[in-house]
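If you're matching positions, the sequence shown starts at 1 in the working numbering and goes up one per residue.
Since the hints were derived computationally from the structure, they do not count as laboratory data. Ideal Cβ positions, reconstructed from N, Cα and C, are used throughout, including at glycine. Treat the hints with caution; some may be incorrect.
[To be verified] Pairwise CB distance ranges, derived in the manner of DEER restraints:
#: 1; residue 1: Ala-166; residue 2: Thr-39; range: 17 to 27 Å
#: 2; residue 1: Arg-194; residue 2: Asp-173; range: 45 to 55 Å
#: 3; residue 1: Ala-49; residue 2: Ala-69; range: 15 to 25 Å
[Unchecked claim] Taking lysine-lysine and the BS3-like style, the derived pairs with C-alpha atoms no more than 30 Å apart in a straight line are:
#: 4; residue 1: Lys-214; residue 2: Lys-43
#: 5; residue 1: Lys-214; residue 2: Lys-63
#: 6; residue 1: Lys-63; residue 2: Lys-43
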Amino acid sequence: MMQDVVGPFIGVLILWALCFLLTFVVVRSIRHEKPQQRTEKEKSTQSMASFLDQVQARQFSGKVGTPPAWGIVPSSDRDMWGTTRRHEWDDGIQFDYRGHEVQAVDCTVRVSSTSNSRAVYRSEQLFQVRTPPWPVVQLNARQLTRYRGAGDQFPEITLGNQFDQAFRITAEDERFARVLLQGPVLEFLMTDPRCAQSWMIFQAHCLWTAREGKLEPAAMLRFINPLVDVVDRLPRQAWDYRR
């Protein structure tokens, strides 16, 4: 009789002790994680604020709804090549760098929908260097998985066996693309390791590329520098080009 009473009581007591222990561990974990998470966020915010002050950046906010005057600024209606998978841009900054006007834009991309119809999103950064309003030219390193971009609607052109093995070029205006991509530009693309697994597009008054993640100073300069290197090597005939 006593065993019939004591047995269940001990079981309840053990279950209560386990619940208490689990609650203690969770609360302790939350208490320890929150300050660390807050510290990392504060460090990131301070780092960005210091960078913006250093480069004297001009800031734009999607909440205010005033987009930059040039370049690729995604909207919820369409992305840069016309499909409705990109949400409104979040934030943007412009600053002068290495003698060029450059821009970085934060946006949110709708990647796909799960089986229960819930959309999946990711953060993406767009890096841009200002150029004249040239025809679209897209450069894809062949080491990349096929990248779908604005230039895919145009024909592929060839520039030489070795270069064509490393890069795929599509262009709105073949004559302009051949003016643009010659001499120092081709040499840079072929020899700089940063270009071996990348893509970039001349479009909408800029040369641009993108990566996943949120804006951060180190990433901005790491991705903007190769774009500036390409623009610095463009032949004079390209700058004189008119449609």
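Do the hints match the structure? See the list:
no.: 1; hint: Ala-166 x Thr-39: 17 to 27 Å; verdict: 44 Å, violated
no.: 2; hint: Arg-194 x Asp-173: 45 to 55 Å; verdict: 26 Å, violated
no.: 3; hint: Ala-49 x Ala-69: 15 to 25 Å; verdict: 24 Å, holds
no.: 4; hint: Lys-214 x Lys-43; verdict: 14 Å, holds
no.: 5; hint: Lys-214 x Lys-63; verdict: 17 Å, holds
no.: 6; hint: Lys-63 x Lys-43; verdict: 24 Å, holds
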